[in-house]
Amino acid sequence: MLEEDVKVLLIEDDVAAAEMYRLRLVADGYSVVIAQDGGEGLRLATEEAPDFIYLDLRLPGLDGFEVLERLRATPETMHVPVIILTNYGEPELRERGMKLGALEFLVKADTTPAQLSASVERSVAPRPLPST
Amino acid sequence: MPDPASAWDDPVATDATGRLFRESVNLASRVASGGGSRRDVWLLQLRSDVLTCIAASDTAAIDDRGPYRVSEHPRFDQAITSGEIVEGDSQAVLPVRAQGTVVGLLVVGGTGGLDIEERDTLTALATIVGLGISQAMTVDELLQETERSRRLERLKSEFLNIAAHELRSPLGIIRGYSSMLSEGMLPERERLVALSRIAEKAEEMARLISDMLETARLETLGLEMELEPVDLVEVIDDAMEAMRPVVGANHRLVLSAPREPIAVVADRARLTTMLTNLIDNAIKYSPAGGAIEIVGEHDGRVASVLVRDHGIGINAEQAHLLFTRFGRLVTPETSHIRGTGLGLYLARETARLHGGDIAVTPTPGGGSTFTVVVPLA
Chain A
50 MLEEDVKVLL IEDDVAAAEM YRLRLVADGY SVVIAQDGGE GLRLATEEAP
100 DFIYLDLRLP GLDGFEVLER LRATPETMHV PVIILTNYGE PELRERGMKL
150 GALEFLVKAD TTPAQLSASV ERSVAPRPLP ST
Chain B
2 MPDPASAWDD PVATDATGRL FRESVNLASR VASGGGSRRD VWLLQLRSDV
52 LTCIAASDTA AIDDRGPYRV SEHPRFDQAI TSGEIVEGDS QAVLPVRAQG
102 TVVGLLVVGG TGGLDIEERD TLTALATIVG LGISQAMTVD ELLQETERSR
152 RLERLKSEFL NIAAHELRSP LGIIRGYSSM LSEGMLPERE RLVALSRIAE
202 KAEEMARLIS DMLETARLET LGLEMELEPV DLVEVIDDAM EAMRPVVGAN
252 HRLVLSAPRE PIAVVADRAR LTTMLTNLID NAIKYSPAGG AIEIVGEHDG
302 RVASVLVRDH GIGINAEQAH LLFTRFGRLV TPETSHIRGT GLGLYLARET
352 ARLHGGDIAV TPTPGGGSTF TVVVPLA
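From first to last, the protein sequence lines are chains A and B. Here my numbering runs 49 ahead of the position in the first sequence, where the first position is 1. Here my numbering runs 1 ahead of the position in the second sequence, where the first position is 1.
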């Protein structure tokens, strides 16, 4: 799969963080769409048909868990890999996210943009779709 | 040592000690009857140099509760100073001690001297009353200590929460950009953006840490103001300058202040921090952007600074909670906005330590206006 074909949706309300990750992902050849709240994230997840979604937990309106639940309940987005990217590292949140079908749970402060970009590479490599 | 007076008044201590006082004065009244009619007995509480009746035997007239000035009653004065029983024609006065200090007097009325047995029993009763007060003082001390521990415990867990979440957010940006810089992957223009983002987020972390330290200091030692003559207009300028890097493309800081200085006596650094916190809030709580007006003015008596945004606004009924520690108002519109709940608490404490105060009112048409007033120099 050519990297230029891979579209990433970042659902992230912190403009500085979104801009930083976008910079890295674009440099690595991905195309990036940013949503600043949960509702916009759900809309773009359907309209833009991303190959991959990064999802923040603390968001205006719908929070990350609600967004994830709805993504999983929608046929068009059901199988799109989602990585949770958050400032919250609590094990119970991680567990909840993984149960809802997230592929990975990354803590922002511990994840460099390079590591983030690598996580896309891993997940868009040929592999079985995550079961839901 | 705790204030003995507060132990007498303590609502928890009052139930038990109140009963002890009543029983004691009635028992004293019976044992001091000397086989004849019962004597009146009063228990007086000593607070600085004033005595107030807090218990009287059933026989005594309770309408005469004092207060009595110690200096106007030589016999009371003598008993307090000597710590010994003082007997006169119509009265015997026994000092009541708690934790080594005279905290009150047991006064036995009626004519005729006391026999040895009566005197010994009354002295023992005064000791028992004193022990009761000592207990109440200890309870009071423990309650205060418990309350303090509870506050500090809460502070500790809130600080852990701030460290876990609020500090991580700017840290993530600093780490992210610095890793990209060291990989050498950013083009020239983006390098400059990265550097200014790092500076801005380091500034944000510094503010968070300073708020945490100030709160901890306030809770344990109290804040010591470094007061000096200061031009408020300059302080406003400094605060605006400090916030410049944080102001994004969709916000504008608009200053309105007189050309001449506004002289106040203030802790310059703290006042500046307070204003930067207010501007930071104005930015955070007006996500759609717009002007943030900062107005410096005075009316010849007090100086005021207004920070006015056109953002989400605040529910007026809950506004008073804003200035309490960790008193952030979380609503569906604001739940995602980062904050420690310390900024406005510190702002109010700072304003009050300057002899002023802070208030919030709705901005006409939407948003909030925070007004800080401090006395003119």
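It should be emphasised that the hints constitute simulated quantities derived from the structure, not laboratory data. Take the hints with a grain of salt, since some may be wrong.
Said to hold, decoys possible - Now the stretches of chain A that chain B is said to cover, found in silico as 3 or more residues with beta-carbon under 8 Å: (1) 98 to 112; (2) 115 to 128; (3) 144 to 155; (4) 161 to 169.
Using N, Cα and C, we set each Cβ at its ideal position, and we do this for glycine too.
Each hint, compared with the structure:
| no. | hint | verdict |
| --- | --- | --- |
| 1 | 98 to 112 | holds (count 5) |
| 2 | 115 to 128 | violated (count 0) |
| 3 | 144 to 155 | violated (count 0) |
| 4 | 161 to 169 | holds (count 3) |
Checked against the numbered hints listed earlier, the structure breaks hints 2 and 3; every other hint is satisfied.
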